[in-house]
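Colleague: Turn these sequences into a full structure, and let the hints guide you.
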Amino acid sequence: MNILDKLLKLAGKDNFRLDPKIDTGYILRQCYKYGCMIVRGKIFTFGHKNIAKNVFIGKHVKVIEKKFLTIGKKTKLQDGVYIDALSTEGVLIGDNVVIGRNTRIECTGGLQSIGKGVKIGNRSVFGNDCFFGAAGGIEIGDDIVAGQFIRFHSENHNFSNVNELIREQGVTHKGIKIGNNCWIGAGVVFLDGAELGDGCVVGANAVITKKFPNNVIIAGIPAKILNYRH
Numbered sequence: 694m695n696i697l698d699k700l701l702k703l704a705g706k707d708n709f710r711l712d713p714k715i716d717t718g719y720i721l722r723q724c725y726k727y728g729c730m731i732v733r734g735k736i737f738t739f740g741h742k743n744i745a746k747n748v749f750i751g752k753h754v755k756v757i758e759k760k761f762l763t764i765g766k767k768t769k770l771q772d773g774v775y776i777d778a779l780s781t782e783g784v785l786i787g788d789n790v791v792i793g794r795n796t797r798i799e800c801t802g803g804l805q806s807i808g809k810g811v812k813i814g815n816r817s818v819f820g821n822d823c824f825f826g827a828a829g830g831i832e833i834g835d836d837i838v839a840g841q842f843i844r845f846h847s848e849n850h851n852f853s854n855v856n857e858l859i860r861e862q863g864v865t866h867k868g869i870k871i872g873n874n875c876w877i878g879a880g881v882v883f884l885d886g887a888e889l890g891d892g893c894v895v896g897a898n899a900v901i902t903k904k905f906p907n908n909v910i911i912a913g914i915p916a917k918i919l920n921y922r923h
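Residues in the sequence shown are numbered from 694 upward in steps of one, following my numbering.
Calculated directly from the structure, the hints in this document are not laboratory data. Honestly, I wouldn't trust all of these hints.
Stated by the list, open to error - Label-pair restraints from in silico Cβ distances:
#, residue 1, residue 2, range
1, K742, R710, 29 to 39 Å
2, V818, H923, 19 to 29 Å
3, I720, L858, 53 to 63 Å
4, P713, Q805, 50 to 60 Å
5, V900, I731, 31 to 41 Å
6, D712, K760, 34 to 44 Å
7, K759, G913, 37 to 47 Å
Said to hold, decoys possible - In silico BS3-like cross-links for lysine-lysine, where the CA-CA straight-line distance does not exceed 25 Å:
#, residue 1, residue 2
8, K812, K735
9, K759, K742
10, K867, K903
Ideal placement from N, C-alpha and C gives every residue a C-beta, glycine not left out.
Modeller: Here it is as C-alpha cells:
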C-alpha cells in the first residue's frame, strides 16, 4: 500500500480510485487540508467521550453545548459548520458522514422549551449551506446523498385565530423523517410533518409537506409523485 492509499484509507475512502487527470500538486493540497482537519479533530474531541477520536474538523467550526453532541468515526464537519446541540435527545451524527460548508444545525428556537434534536445515519452526505431546524426533531437514515442549500423546518406556527397575533398562538412539532438510500436535490425544503421512505429521489427545489412511500421520484411545490423507481 503506497502513501496515497494510506491517506485515502485514513480519510474513510477505502478502495477509492483517483481520476488520472488529477496532478500531484492538487493531491498534496488536499492532503494538507485533511491533515489540518485531523489535527483540529484531535483538539475538538478532547474531553468528549461521545465524539470519535478520528473525526475531521474544518476551519471556524463552532459547537454550542457539545455535551449533547455525538459523532461517529471518520465524520467530517467542513469549514464554517455551526451546531447548537442543546436538545432533549441531542445531535447524533453517525460514521463517515459529511456535513458541508457553512451548514447550521439549530435544535432550540426559544428558551421556553428546548428542541428535540437531530439524528443522521451512517455514510450520509450533505452539501454546503444546509439548514437543520430541529426543534421538532429530525431523523435521517443511512446512505443519504443530499445537495446544497437543503432546509429542514420541523416546527410550524399556529395561525387559525384571526383575533390573536400569530406569534402568540404557539407552535406545533410533528418532526421530519427520512429513510435510507435517498437522493435529495439541491434547494429542497422539508416542512414539519414531512416523511420520505427508503430509496426516494427528490427533484431540486421541491417542497416536501407530507409523507411519501418507498422508492418514489417526487418533485414540485408542493411535491408530488412523478414516477416510481421500479
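Colleague: None of the hints should be skipped; say for each whether it holds.
Modeller: Hint by hint, here is what the structure shows:
1. K742 / R710: 29 to 39 Å: 36 Å, holds
2. V818 / H923: 19 to 29 Å: 24 Å, holds
3. I720 / L858: 53 to 63 Å: 58 Å, holds
4. P713 / Q805: 50 to 60 Å: Since the Cβ atoms of P713 and Q805 sit about 58 Å apart, the hinted range of 50 to 60 Å holds.
5. V900 / I731: 31 to 41 Å: The hinted range 31 to 41 Å holds for V900 and I731, with Cβ atoms some 39 Å apart.
6. D712 / K760: 34 to 44 Å: 42 Å, holds
7. K759 / G913: 37 to 47 Å: 39 Å, holds
8. K812 / K735: Holds. K812 to K735 sits at ~23 Å (cutoff 25 Å).
9. K759 / K742: Within the cut-off at roughly 11 Å; holds.
10. K867 / K903: 11 Å, holds
Of the numbered hints listed earlier, not one is contradicted by the structure.
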